[in-house]
Amino acid sequence: MNVAGIDCGAKNVKALILEEGKIIAKSSVFSGFDQKAAAKEALDLVLKDAGLKKEDLSHITATGAGKEEVSFSQGTITEVGANAKAINFLFPSARTVIDIGAEEGRAIKISEKGKVVDFAINEKCAAGAGTFTETMARALEIKLEEMGALSLKSQKAVPMNAQCAVFAESEVVSLIHTKHTKEDIVRAVHDAIADRIASMARKIGIEKDVALVGGVARNIGFVDSLKRDLELDLLIPEDPEFSCALGAAYAAVEKAKGG
Amino acid sequence: MMEKFKEWYQKRHEYAQEWKNKTGGKVVGYFCTYVPEEILYAAEVLPVRILGSHEPQDVTEPHIFGMYCPFCRDCLAQGLKGRYDYLDGIMIAQSCLHIRQTFTSWKLHIPIDFSYYLPMPNNVQSKRALPYLTGELRVLKEALEKWTGRAITDEDLNRGIEIMNKSRRLTRELYELRKQPNPVLTGLEAMYAVVASQMVDKNNYNETLQGILEKLPQRPVEKDSKIRLMILGSENDDTKFLQMVESLGAIFVVDDHCTGSRYFWNEVTPNQDPLEAIASRYVERVPCPSKDWPERTRMEHIKKLAQDWEVQGAIVIQQKFCDPHELDIPATIESLKQIGIPAQFLEFDVTVPLGQFKTRVEAFLEMLREEDLY
Amino acid sequence: MGAKYKTEPLKCWDKAKEIRLNYYKNFATAHEKGGLRWAGGAWSFDAIPAGLGDDVYPLTGEPYGAAVAFNKDFALKCHEAVEKAGYARDLCSYMRNYWGSILLNKYVFGGEFPKPDFIWQDHICCSHAKWYQVVRDLEGKDIPMHCIDVSVGPYEELTDNKLDYVVGQMHDGIEWLEAVTGRKYDDEKLIRAVHDHCRSESIWAEVCALNKTVPAPLDEKTMYSLYVHGTLNKSSKIVADFYEELRDEVRDRVKRGIAAVANERCRVMSDTQPPWAFLSVFRYLEKYGCVSVGSLYTFGLIGMWEIKEDGSWGPRKTPQEEGIEIKDRDKALRILASWELNKPEWQHFYFPQLKSEMMIRIAKEWKLDGVLLHYNRGCEGLSLGIAENRLALKEAGFPVMSFEGNMGDEREFDEAQTMTRIDAFMESLDFEKDVS
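Residue numbers (UniProt numbering), protein chains in the order written: chain A, 1 to 259; chain F, 1 to 374; chain H, 1 to 436.
Pulled out of the complex, with its shape left as it was, chain A reads as follows:
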């Protein structure tokens, strides 16, 4: 049996196909202005990669902010529910999932069976999300990909208050002016986001093990900051940005089996 999970996110649409529970193909497409078209493109790509046709799929489940835009899906699941399913499969020992997307950060508490027990989502402000890091990279005039490695070279912690992206940007600028090194400032940015994320996660109560998903999980500097803040190790899947799509695909399996 083949099923697909589509994660129609704010920045990218991710699609994934499972064959008897195993991932056989993945695709990622820039969302752009037309999420509907992007979702279609992501599906076409992933089908091509798997060598399948749409008719070969027993079920398609959509998730993500634009899940309603995925006109060809047969069901939907929230990102919260999708992450819980994916992580429960990947790391059965995980009880807390931290997911950091482009515009939103989430913390989810899950049961042994992968059921959502509690969750928290960051509010309107994007200070706890991927976009924030990008804004700061721009302010520092460095590439986003460089931030992780730079941050690890930092010699000292500089306190920075990141209540809001706009304020944080001006704080970064004043740190530049007060002659702090780029390494230290990048670490300050990561510490500040880690601070926001940890703060949100503490709201639901952090229970071990803790998994980290979402694109930001690829940033080694941020991961280091978050580990230090939470004083524990993090489980990170191989493709952290595909966690929601994977969870949606598991939901599709359940639907296909349950009818």
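None of these hints come from the bench; they were simulated from the model.
Computed from a predicted model, the values in this text were never measured in an experiment.
Note that CB positions come from ideal geometry on N, CA and C, so glycine has one too.
You may find that some hints are simply not true.
In silico contact screen, one side only, chain F against chain H (beta carbon under 10 Å); selected entries [what the hints assert, rightly or not]: (1) F65; (2) M67; (3) Q94; (4) R100; (5) T104; (6) Y117; (7) N123; (8) P131; (9) Y132; (10) T134; (11) G135; (12) V139; (13) W293; (14) F321; (15) E347.
Model the placement of chains F and H on the given structure of chain A, informed by the hints.
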């Protein structure tokens, strides 16, 4: 000369712990300057004010909603991080809702032997406030007696009054020195003195300050005159900010903060009933904006300070989300304008963007210097 | 899964609307008939100015602020006017809606903003007395103002000394009212108003208690349009009589099994004032068969409760029902003060646990599946301690979803994100949307 105060402020926890070891007495942490320390001194309990640490923190989100001021959250973080584990009790006198949550969450989550909420009246302009508060102070006195197992006599209360009044008189003398054309102490030093006085045994503080006051008038001063500033608004112990401003050719000569003059300005006028005398002091003191209604009595006080200390400009600061101060800021700026004093408004958080604020303060000082010229 | 229960509109709906609109009209036109206007808060002891005569009309600030919030465009103009005048945008949004109306000189019910003859305020949160202090800055310092501070602590710790403080300010207030209006005060009218005040609040609690029934005869969105009368003028005979009529109708709905939400299968409560411009949230919940049966806010801001013999929560007996005779002014004021200090949506100002206990009681007695907490950036008073309430509810085993918003400033509410959050919450409780 004034280093002791800075040291006490920075090593507040070490001080309190040592005091406990030495005296075997109890320490009560308090959250608002409406707490009548006279009665705590009478009970031989050491009152220490709980302040934040100006570090970003991520432990209060489960307890206090983020729309409340960063100061109240910073204070709770100190408790949650165990930095005040030596306290025997906590106490608050009713003022704003923000800091009230620090008290209630502390009470809920941090084990403590004694906790006390003094329902200090908000309508201090009503004639009903004095008898009411007097009655409530009696209840507080009884609660302290029960907790410490020791009776508090009128003599004890008068001793408490004398300790507090002495410290107020001495600090006032320190502030008087700031009236000079070239003050012998900076605003930062004055701030350290007042906040230290909130954290250490007033007997120690009084003795140290007395010694300093004997020598301070002879302290050499810089010849260049500086722009005379006033700083006012909500709770403020942002020493880094003061240091930055005073490095730009300005000097703070007076303030209106609960970490500054508002704390010590008024004395207790002793009378037959010491509790009533104490109550009267807290009803009549320079109010926190949360109690300054229906009339805004604080405005006349601020204007008088500005004039008596010959202030050229004012920096009006406010803790982010501090409703009581937000409600007074337009009126404060207007009052200062009436007497020709320009004001610069700044919103404070746990940490302030020093670079950005420096630019604004520099521009403000530039403007004041030009006014000086013509 | 579709409709399970019969549903029908409330018969007294039009009357509810009429009373509310007359209230706002009466205030605006009071002077035409030689009457007086006063402005103050919904907590104000409105029974006291009632002693000045039957032609004395109030305008309570909070419900007015909510009425403005309902009109998004006007609310935005109000916020902009207030910010331009130098006031912070994170202040109470009702207050900003009210000040904005003054600055724009526009009454949201039409015409110019009517200036009060005097201000009769209460002080419950940091902003209450200051609200009208600023009103005087804007409308004129010549408007006399009296404000009663009720901050004496929780009801369970009430002592004579505390009650004397509140009652003393009330006595002073009556002398002050006579002085500023030049009218002779009528204690008989005061006593009648105190009776009606208690009657309104006890009956409102009775209405809310009827919502323990499955299916709930009322949903919270409807209750908002009904509890409001208690925030306008609870001591008036019109409101007390209306609540009796409403109670009779709701009783009848219960008897006939009439539901507010036909597909009810999930029951929740909310907390604090809702984001008024987005009551659509409640309609969205209905897609999941989810009904909000009320909140401590809708039950306990106006309703007065007590623990009944069987241990459950029911309407508090009024002084009349207790056989207490009110003979003079002092007795009337003492009863009024002590009655009001028992308000459920007030105790949390002193300790969040007091509110948590009441919320857990509601969750149990009203048979709830979960709780939606509105972290309301517009109101520091009612959001006080909300994070601790969340922890306590979870500890007691009730699933909680929290969402941030603002009762009166739509710029701080993210509708789409809130709906997404509801989806995740309903999914976690295993409720599915009805297929439309």
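To see whether the hints hold, each was checked on the structure:
1. Taking 10 Å as the C-beta contact cut-off toward chain H, the hint placing F65/F at the interface holds, the least distance being around 5 Å.
2. Checking M67/F against chain H: minimum C-beta separation of about 5 Å stays under 10 Å; hint holds.
3. Look at Q94/F: its Cβ gets to within about 6 Å of chain H, closer than 10 Å, so that hint holds up.
4. Annotation: R100/F was flagged as interfacial toward chain H, and the flag holds, the nearest CB pair being 7 Å apart, inside 10 Å.
5. Taken as an interface hint, T104/F checks out: its beta carbon lies about 6 Å from the nearest beta carbon of chain H, inside 10 Å.
6. The interface hint given for Y117/F holds, since its Cβ lies 7 Å from the closest Cβ of chain H, which is under the 10 Å cut-off.
7. Given hint, N123/F at the interface with chain H, holds; its Cβ is 4 Å from that chain's nearest Cβ, closer than 10 Å.
8. Using the Cβ-Cβ criterion of 10 Å, the hint placing P131/F at the interface with chain H is satisfied: the shortest such distance is roughly 8 Å.
9. Of the supplied interface hints, the one on Y132/F holds, with its beta-carbon coming within about 4 Å of a beta-carbon of chain H, less than 10 Å.
10. Proximity of T134/F to chain H holds as hinted, the smallest CB-CB distance being about 9 Å (cut-off 10 Å).
11. The closest approach between the C-beta of G135/F and any C-beta of chain H is roughly 4 Å, which is under the 10 Å cut-off, so the hint is satisfied.
12. Given hint, V139/F at the interface with chain H, holds; its Cβ is 8 Å from that chain's nearest Cβ, closer than 10 Å.
13. With 10 Å as the threshold, the beta carbon of W293/F comes within range of chain H, its nearest partner Cβ sitting at about 4 Å, so the hint holds.
14. About 6 Å separates the beta-carbon of F321/F from the nearest beta-carbon of chain H, less than 10 Å, and the hint is met.
15. Look at E347/F: its Cβ gets to within about 9 Å of chain H, closer than 10 Å, so that hint holds up.
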